[in-house]
Amino acid sequence: MAVHAASAASLAQEDQEDPVRRSVAGPGETVRIDEGFQEKWSSAVSSLKILGGGQFPAFCAFLKTTGSLEIGSWGFILFLAGCACCAGISTLWSP
Amino acid sequence: MAGTILPIVYGERARGQLAISVWLYALGLLSGAVVLGGALGTLGSELRLNSLLTPAAGALVIIAACAHLGYAAREFELCRLPMPQSLWQVPRRWQNLMSARSTSLIYGVALGLGVLTRIPTSTFYIVLVWVVIAGNHQVGFAVLGIYGIGRAVPVIALQAATQDFEHAAGWLERLTPWYALMRLVNGFVLASSGGWLLGLELFQGLK
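For the record, the sequence lines run as chains C and G. So the first sequence is numbered by the numbering used here: it starts at 1 and just counts up by one. So the second sequence is numbered by the numbering used here: it starts at 1001 and just counts up by one.
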């Protein structure tokens, strides 16, 4: 109960400090953040951190295996061919 | 352009002739595109731009990557970037000056050159610039040849799937909303290739 009162006091103080929260909640009211939403948000942030911290080096390693941008290499020609194919098909919408 | 070439094809069919105009048109597209590719490749080999792409020329690759990403953003309609282009259209009166089959071939060549008429997506610019930088006419033939095939295939498919122009016009109308998707695809191609270039430069370097 004491903890709940402390959080309510804390929220009320934040109401005063945060104009957006104050305008949404109105004077003397508190904004209750759905715990489920908080969990999902934390999960999303964790996923982003994993993507940044774990997957990004893996992505870089993948880039290294794709070969260098050597002019005339198959990778280079395939990249250009993909762009050219898209550009060609897109002309169907040209007047 | 499908609206100009397809009536010629249906006209041939109505006269009981073998509908080869569309194939002549496709041949013209391929020829025009290959000529453009060869010319750009030869121009690039004369300018020797690929010699600039040394491992020390990281800034150039980063500029190229930024151009890819910038035009990707344009395709996603996040910003506006200049797209210099000709607004010329192949004249319908050519149909009165030549036979239907000759007109189809000439239309194909004029459109296959790509730069004479409107350019709907920025991917084409990226292709042109890279073909010049590659400085190899064979790369130009191959890459712009695929551009020509990319232009021809939808028209060939459309004429095969339809019997008359009204039917084809219905198809073209149904395809109109898909332009947004096509631009998204172009945007993703540019964004991924820009990211690839940036990744190569930042994490590996050019060979």
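To be clear, the hints were calculated from the coordinates, so they are not data collected in a lab. A portion of the hints provided could be inaccurate.
Covered stretches of chain G, as calculated for chain C (at least 3 residues, CB under 8 Å) [claimed, not checked]:
{"#": "1", "region": "1072 to 1083"}
{"#": "2", "region": "1135 to 1149"}
{"#": "3", "region": "1183 to 1189"}
Just the calculated beta-carbon pair ranges, DEER-fashion [to be verified]:
{"#": "4", "chain 1": "G", "residue 1": "E1173", "chain 2": "C", "residue 2": "S73", "range": "22 to 30 Å"}
{"#": "5", "chain 1": "C", "residue 1": "S73", "chain 2": "G", "residue 2": "L1043", "range": "17 to 25 Å"}
{"#": "6", "chain 1": "G", "residue 1": "F1165", "chain 2": "C", "residue 2": "G75", "range": "41 to 49 Å"}
{"#": "7", "chain 1": "C", "residue 1": "G75", "chain 2": "G", "residue 2": "W1094", "range": "40 to 48 Å"}
{"#": "8", "chain 1": "C", "residue 1": "L78", "chain 2": "G", "residue 2": "L1097", "range": "39 to 47 Å"}
{"#": "9", "chain 1": "C", "residue 1": "S94", "chain 2": "G", "residue 2": "L1081", "range": "15 to 23 Å"}
{"#": "10", "chain 1": "C", "residue 1": "S73", "chain 2": "G", "residue 2": "W1088", "range": "32 to 40 Å"}
{"#": "11", "chain 1": "C", "residue 1": "S94", "chain 2": "G", "residue 2": "L1047", "range": "42 to 50 Å"}
Note that the coordinates shown come from a computational prediction; the quantities given were computed from them, not determined experimentally. Yeah, the Cβ is synthetic: ideal placement off N, Cα and C, and Gly gets one too.
Any hints this thing doesn't respect? Which numbers, in order?
-> When the structure is compared with the hints, numbers 1, 4, 11 turn out to be violated.
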